[in-house]
Every structure is written in structure tokens, then in C-alpha cells.
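Q: The residues making up each chain are set out below.
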Amino acid sequence: MASIDEIKKVIVDFATNTKKSKFYFKDMEKAVQKVIPDAKSREIKKAATALINEGTLVYFSTGSSTMYGLKGRGISLETEETGKVE
Amino acid sequence: MSAEGQEKLWETKKYDDVRIYTDEEIWNYTDEDVANYKCKHDIPLLEQLEEGPWPSFVSDIKQEAVHRHKLAEQAPDKLLIPADVCDDLLGQVELSYVEKETHWKHGGIVGVFGYGGGVIGRYSDQQEKFPGIAHFHTLRVNQPASKFYKTDYLRALCDIWEYRGSGLTNMHGSTGDTVLLGTFTEQLEPMFFDLTHDLGVDLGGSGSNLRTPSCCVGKARCEFACYDTQDICYELTMYYQDELHRPAFPYKFKFKFDGCPNCCVASIARSDMSYIGTWKDDIRIDQEAVRAYVAGELKPNAGAFGNRDWGKFDIQKEVIDLCPAKCMEWDGKELKINNKECVRCMHCINVMPRALRIGTDTGCSILFGAKAPILEGAQMSTLVIPFIRVEKPYDEIKAIIERVWDWWMEEGKNRERVGELIQRKGIQEFLKVVGVPAIPQHAKEPRSNPYIFWSEGEVPGGWQRDIKEFRKRHPR
Numbered sequence: 001m002a003s004i005d006e007i008k009k010v011i012v013d014f015a016t017n018t019k020k021s022k023f024y025f026k027d028m029e030k031a032v033q034k035v036i037p038d039a040k041s042r043e044i045k046k047a048a049t050a051l052i053n054e055g056t057l058v059y060f061s062t063g064s065s066t067m068y069g070l071k072g073r074g075i076s077l078e079t080e081e082t083g084k085v086e
Numbered sequence: 001m002s003a004e005g006q007e008k009l010w011e012t013k014k015y016d017d018v019r020i021y022t023d024e025e026i027w028n029y030t031d032e033d034v035a036n037y038k039c040k041h042d043i044p045l046l047e048q049l050e051e052g053p054w055p056s057f058v059s060d061i062k063q064e065a066v067h068r069h070k071l072a073e074q075a076p077d078k079l080l081i082p083a084d085v086c087d088d089l090l091g092q093v094e095l096s097y098v099e100k101e102t103h104w105k106h107g108g109i110v111g112v113f114g115y116g117g118g119v120i121g122r123y124s125d126q127q128e129k130f131p132g133i134a135h136f137h138t139l140r141v142n143q144p145a146s147k148f149y150k151t152d153y154l155r156a157l158c159d160i161w162e163y164r165g166s167g168l169t170n171m172h173g174s175t176g177d178t179v180l181l182g183t184f185t186e187q188l189e190p191m192f193f194d195l196t197h198d199l200g201v202d203l204g205g206s207g208s209n210l211r212t213p214s215c216c217v218g219k220a221r222c223e224f225a226c227y228d229t230q231d232i233c234y235e236l237t238m239y240y241q242d243e244l245h246r247p248a249f250p251y252k253f254k255f256k257f258d259g260c261p262n263c264c265v266a267s268i269a270r271s272d273m274s275y276i277g278t279w280k281d282d283i284r285i286d287q288e289a290v291r292a293y294v295a296g297e298l299k300p301n302a303g304a305f306g307n308r309d310w311g312k313f314d315i316q317k318e319v320i321d322l323c324p325a326k327c328m329e330w331d332g333k334e335l336k337i338n339n340k341e342c343v344r345c346m347h348c349i350n351v352m353p354r355a356l357r358i359g360t361d362t363g364c365s366i367l368f369g370a371k372a373p374i375l376e377g378a379q380m381s382t383l384v385i386p387f388i389r390v391e392k393p394y395d396e397i398k399a400i401i402e403r404v405w406d407w408w409m410e411e412g413k414n415r416e417r418v419g420e421l422i423q424r425k426g427i428q429e430f431l432k433v434v435g436v437p438a439i440p441q442h443a444k445e446p447r448s449n450p451y452i453f454w455s456e457g458e459v460p461g462g463w464q465r466d467i468k469e470f471r472k473r474h475p476r
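Line order of the protein sequences matches chains G and A.
Just so you know, this note's numbering puts 41 at position 41 of the first sequence, and the rest follows in order with no gaps.
Just so you know, this note's numbering puts 355 at position 355 of the second sequence, and the rest follows in order with no gaps.
Isolated chain A (complex conformation) (with noise of 0.2 Å):
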């Protein structure tokens, strides 16, 4: 996400405008030179990860090592923390799997002049043995909308962090981020000052923060999108660059963005405030086309999944019997969707996209609560408000979110996430702070689960209930 006023930086900006590399020192080594290189620890635990058939973070840490290496003899002059540092990494690394227990001491009050979030400080507990991550900061930066770069600002970023750091990344960590590892504190203000300045971007979220939203590929590239996921993600991050930067919630805070009930950066299951795309209309069906896919002539799935034989495209067997609300019916002729009971599962949708899209009456549903497992168990996002439409400048959507901080910061314990808050008031309590009635969306399963509970009042005509006449129906 760019810094205020930078947001068109990139549009002009080469990466020859700022570069710290030559081509020759880029491309310094073959592959040969990773074959024979010699970590300076050894670490025989680490190089069995290797020989398994996935991508083994320990090769890229190796290959990394050598360009280092070969970066020091060629320009020792550009690398500003130590050239082993990925030596002492994997060193470090490669003794806590001998130990089976950890050697960072993590977090502190390192971090750059007036944010509480976006850096988290790292040391070794084995400095003396591992000088070169004594300091092994992380910096999140907050990456852009759907993570679309310029490769511009790519060879840059790398180009800096190489110099100011490890230069090893982690694209993405789970909130989104673009993230940093491993600096010494000497080099976090310069780090940011060339972040802020030379790349136009900014920190993301960490502590007890509103973590860095983010969103979908959403209107760029997907036909499914039913709001601009990018442009809502966008713009509550500059709204909230106070509640971003300046910690002061009970714990962390997360907004996700899905364009559609696909939920492609899963925002059900990873963040607080959940924003999932739907329709109030119907499924758009184009019988032609639908006739096309059971006669074979379109690919189902869009042509995905085709590196096997399945066998000919079954209508009945693949999208109708599949449907979870049994709303569909094939007779062979036309497809029919009885869409009261569609719950928006987007399977026929995925499966026959030239035939099926999504409704023309698009908004959101706002889910919250979900987390990982940490004070109570996993729990995925609470639907509270099943349609609300996404148009700027978002203001209703904007009263919603600062209703629920409100409550959450004055009700919420240290650390308790508002998910968790949910559950211990009750969801008839967060209705209530939402400012939306109880309706039969919100109850799991209505007749045996009571998940609402009315009071006298939001009843009409209330009711009498006399302890001693129930106690003689119902004795103890």
C-alpha cells in the first residue's frame, strides 16, 4: 500500500532511479556455486530437509548465503549488517533442532520513531556463537492491494534489503504483508526512511494494532467480484493509519476483503471483520451455454483440473447433486435454481462460469469473530449483517467497524480477541452494539441451538412467566 502521496510513484519511477546493485553483483553466482557451498556451521538436520521432494526453505537460505559471500569480496562496501548472516541463521537454526527448543528472544521496544507497530524485534540468545543475527528483526510492510508489483519496485525492494538487511523475505506473511527478516536496530530508521521515501510504501500492522487489511484480486482480474475489494481495502487503510500505527486495542485486529464467497484470502477464517461479496438477485443463467458444457463443447471449470481424463462432463453427478441447498434441477433442456435457498456455495458457478454468474444487486456480507487457536480454540467469522451495499465513501460501513472498536475497547480484556469478546457477552449483545435486529440468518440451527434470546420487551404483548405454575409442569 503506498504512503499518502505516493500512490502514483511507481507510474514514473524506474528501477535505475534508485538502484544499489550492478548486474554483475545481482547476478553473481551459478549453480554450481550453491551445489558447493559450505555453511560455515554445520548442519546436517537442515540439509536432510533438502533432499525431500518440496521447495526446502534451507536451499533458498544456502543460495542466499552465496550471494552474500560473493557480495563481500566483490562490494563489502553495500551490505550494511554482517554477510553471514544467513550462515548464522541456519547455524542457529540447526541447533535448536539438535535442542528442540528455540534461541530467539522475541519482541521489545525496538521499532521506528512514533509507530507501535510493524517492526518485531528479534534477538539471538547465542550471540557470541551467532554474531551475525544477534539483531534479526522483522519489518512488515504493507504490501499493495491483491499484491500486484511492478517488477520495478521488486528489484528495488531486494536491492535494499540486501544492503540494509538479510535480504532474506517471506512474500507473503499470512496478514499480507510483505515481510522483511532480519536487521540489525541500527538499520530500522534508514530501512524506513528508504521504504517511505525511495519506494513509496509504508509499514503494515503488527501488536495491538488494526493489522494491514487486505484483499482479493477482486474487480482487476475476477468476474466474480461482486465490490471493488481493492478500493474499500485501500481506503480504510488510509481512514485508519491511526489505529494501524498507534496501538491501543485490547490485541490485534484484522480486516479481510473477499470479492465473492469464494473467499480467496479466506477472510472467514482468518480475520475479525470478514467482508464476503454476494448478490440479492439471482444466479444469471445462459441456458445455451449450460447446454454447451453437458454437451462437451465448453471445458467445466475453466479448462482447471484438465490434466486427467474424467470422464465426460455429468451435469446431474458434478454441479446438481453437489448443490448443499439442493436448489438446482437439470431436465435435461434448462437448468432451474430455485434462488431463495441458494447459499451462495459458488460451486455450479465455479464449475460452468461461461453459463452461470453472479447476480446484478451487489453489496457484502459482514462476518466477524474468526481467529486462530490461541486463549479459546480456532473459530471461524460469525455472520452479523447479510447484505450491505459497498459504495464509497463507505460511511455506513465505517459506523460499523468504529461501533465495534468502541465496545470491543471498552468491554474487550488485554489480549482478548473480539471473537472471543462475542462469545463471552453473547451475540445478542453484539447485535445490539452493531444495531441490527436478530434474524433467522444469525441462528445455526434455530430450533435446537437458542442462540437468540429475546427479552420482554422485543416481544409483542411481552409475556407473564409465574416460577410456580412451570414448576408444576416441569418439576426438578
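If we strip away everything but chain G, and leave its shape as in the complex, we get (with noise of 0.2 Å):
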């Protein structure tokens, strides 16, 4: 079985070298599956929620799906706010 520690790097990877900015759990799931194939969703989603409390990932949402996003990557509050891109 994974540690929680060896299931958040995976997700950090997968959340810096992915595509898009913003990803569903579903994706970020299937990518921690796919290294470590034991991984159970509850674990990832344990996980991911660390993740958010340490300020590595973000929520997005849009009020009614959410998406998980590396924080500084793409959209930021203040970018956001603003909606000046840099």
C-alpha cells in the first residue's frame, strides 16, 4: 500500500507537468492509478486534501463542478480578480 506522502508527489508531478491548469479528480485519480496502481480513491482524495491545506493545490470551481489546479500555475486570485493576464 502507498504512503499518503508517495501518493501527493505523484499528484504534484501530474499537476506540474499536465497539460492543462486545471484538472477533475478523475484525472488527477487516474494519473496516481497509473504509477500506483494500489492507490484507493479515498487515499488520493486524502491526499489531495492535504495538498489544498498546504497550499500546494487549489480549488477551482465554478458552482457547480470543481476542478483541483497547482497553485501559481494558470489562473491566480489576483488574475482572477482583476482579470489582467500578466
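No lab work stands behind these hints, which were simulated from the structure alone.
Predicted, not measured: the structure shown is a model, and the values here were computed from it.
It is possible that part of the hints are untrue.
What the hints assert, rightly or not - Heads up, simulated DSS-like pairs for lysine-lysine below, C-alpha to C-alpha not over 25 Å straight-line: (1) Lys46(G) to Lys105(A); (2) Lys40(G) to Lys413(A); (3) Lys34(G) to Lys413(A); (4) Lys22(G) to Lys105(A); (5) Lys398(A) to Lys46(G); (6) Lys30(G) to Lys425(A); (7) Lys19(G) to Lys105(A); (8) Lys413(A) to Lys22(G).
Grab the two chains, each in its own frame, and use the hints to assemble them into the complex.
A: Put into C-alpha cells, the structure is as follows:
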């Protein structure tokens, strides 16, 4: 069984290297299970929640559905609030 | 819904303990002030909406605009976002009516720490023109079960929202939450702190979360309630806090609890998992009361619709002939019901509540898959579990919920509701997931609609199929 730290590392690698700056939980889950096949959904969720709490990942919500993203990659609070992209 | 450990907060807490505004500040405007109000933007199209016979959201927003302008003069330090938020809101809505397109940017990364729901980001794309609504984030606050409020709580909530937000609310959103409309990003965390610490309530669900569960008035006031809707709503809200606040589902998921088939919270149309109260035994009949209705001694429908003369109550026309299952009979003295054929439409019970009552062997039916149209069309929930006991600690129900969630998280595509997944994979597979055998009630039209496909292993003796023999009898 993979440790939370191992799963976190795979999530951060995926969030850093995936083409899209925002991704669904399921995309992240598939990426983790590709590297760690026995990782369970609940473990992946725990690891993602830990990364959110550490400030490494951020949620992106449209109100109806939610995505995850690496903090600082793509949209930031500043660009979101001002509408100005650097 | 109270935050954990704060369930009894408002039994002792009073509005005065947390109030922000004085009475003079709250009651600071007159009807005349509202009538004389001139918005800082021209809003002719919106003002047309006020001319209709119905209540107008434009009038409500104007009233709040007047209140905030007066507050800004009386106590400017008691408004933490612009006083003219309502003016700018009206101005932008007017612009959208003129241009026929929205100027809202919807969604984003704003939220409160650790929560993946409860805050919906919203910004104006006309921030220079309408600075008061440059940010206009929505907060969803978990409502108390059955929406029972104390006025102390509501007054405190309104004060805090006036102070930190626009003062505009939506009571309630269609999910059931108290919806607070419009604040700036820097007010989100303090608002969340005040809600959880001073008011003892939590944010509700949004995004790919379990949404805020909601329930009908239930046993608190309704004699038709077949189970304690409030208790299970509260229990599942608290038990599934992680699912409510930390999104990992393919899309939204809603529970709604109706105590009886009258479906007052419309769970059958609006929730992925609908709990609808029902009973297994017979409708209880008080024949004396039936005769009293027929004689005109009791008012049908408990006096509802009584503002018009509908003529003498006619049990044959108004009850017997309207029974969809045709399972009732009235011989002039006695009412008979063939309970085996009853489909729980509730009509007879609603019309003659003193004479007819729900059975005593009660529980609920569980249905899955209702949704509004987004990917596919709108659909109602499908009956999966005809009857289940609803008893603490609800372990049997929790086990079903978790089996369905596991399957949906495994098989569901991004943004696919569980009802759409059931359509895509078939009810047969879903029944296996839930762990119930197929029964006639699962089929809408058992002889014309092959809703359930049996596999050979499921049929005693199985079968052998020779396609060549079949084609001899049924050529292509």
C-alpha cells in the first residue's frame, strides 16, 4: 500500500506537468493509479486534501463542478480578480 | 444546520449578544424614501419589471439600496463593502438586459481555507463602470433542517451580512441553503469565521460535492410523515462532512428527504437520491369521519381552496373517481380501499385527512437519478428500493449510499450525474451495485418495455439459444 506522501508526490508531478492548468479529481486519480495501481480513491482524496491544506493545490469551482490546480500555475487570485493576465 | 458542537447555541444566545446595528440604523428608511429613490444608473428596463402584479426583485434591491445609503451616512464604519453595491448591481443587470449578454465572470479559485464548496466566485467584467460589484461572491449557508429559524438567528445573520456583504439574500436557493449574494474576496474568511463562531452554522455544499441535504417539515408538524426526516437529514449531513466540503465526486450529488409521497421538497424531481416516506400496511380509515365529510360536517382538504364555492363535497367525483389505481369504493355508507393496488398518490388522504391516515408500518422508498437538464434532458428519480426502514443509526442506508458512491466514482465520467450513469450503464447493473434483486416495481411497463434483461445464470435452469433455429422462424 502506497503512503500518503508517495501519492502526494505523484499528484504534484501530475499537476506540474499536465497540459491543462486545471483538472478534475478523476483525471488526478487516473494519473496516480497509473503510477501506483493499488492507490484507492479515498487515499488519493486524503492526499489531495492535504495538498490543499498545505497550499500546494487549489480548488477551482464553477459553482456546479470543481477542479483542482497547482497554486500559481494558470489562473491566480490576482488575475481572477482583476481580469488582467500578465 | 448547526456546526458540530453548536447545535444548541441558539437555545440561549440572543440577537443582542451579537448585534451590530442599532434599531435606528435598522429602521432608517420609510416607504416614501424608497418611492423617491433614484438609482445612480438609469434602469428603465428594470423599472418596467416593477409594473407587473407580481413582487419584484428590482423593488427589493432598491429598498436595500436606500437602506445602505442611509447607513453610509449614519455609520460608515459599519459597512465593509461599498454602500452602492445595490446601485451597481441594478446598473449591470440593466446593461445585460440592453446588450442581451451577461457581464458576470462566474466561478474561480476563491473560497475559504480547506473548503472546496460553499463559496461561488463571481466577478463583474465591467469593474470600472460598476466598482461596487467588482467582486460579488455568493455564500451558501447550510439551512437548519426543515428551515426552522429563530428570529434572533435571522436578525443576527442579516446584521452580519449587511456588515460584510451586500445585505442581499436568497431565501432559499433551490438546493435549500440560505444564499448570501455578493461580497468581496477579503470578506470571505471573516464571514466564515462569524458564521461558524458567532452564529454556529456552517457553509453548505457546491461544486462536485455532496450538496446540502434538505428535508420537508416532517414529524415536527406533519401527521403524514412516515419517518423523521429532520433526524436523518441532520445525521447524514454530519456523517458526510468530508463529502460535503471536500469535492471528489464526478459532479454534484443531492439527498432530499420527503416524509411522505406528497413530496413537499420535490425529492423525486430534484435529488440524485430521493427518500420518500411510505408504509407497508393499510391506510387507516375512520368510517365515521368519512361519513362526516360526505355530510358536509368536515371541510375537505382541511379547508384549503375554501375561498370559492365549489358546491357540496362529492366523494365519488372528488375522491373515488380520481384514484389513479381505481382501488377505492364508496357504497354510501362505507369506504373500502383495496390497499394492494394503492400507488401512494396521497390524494384521498389529502382530501379527507380526518378520515384517512397513513399506515403504521412505515419507512421510505429510495429512488435514484433525478436531475435538471444539462448533459441529458431532465429526469425524475427511478424507484430502486421500494421499502426500507428508516431507523437510527441508519447503517443500512449508509451502506447503500457508499456502494452507489463507490460505483459512481469508479465508472462516472467527469460532470456525469448518477442518473446519467444509470442510463448509460443500465438499471440492471445499477441494481447489482445497490444489491437488490430486480422486481416488477422496477419496470415501468413490464410487458412492453424490456427494462430488465435477465442473464442465463439468473434464471433457474438457464436456457440454450440456437441462433440458426431462431432465424428459421424469424428471418432477417
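Q: Run through the hints listed earlier and report the numbers of any the structure violates, in increasing order.
A: 1
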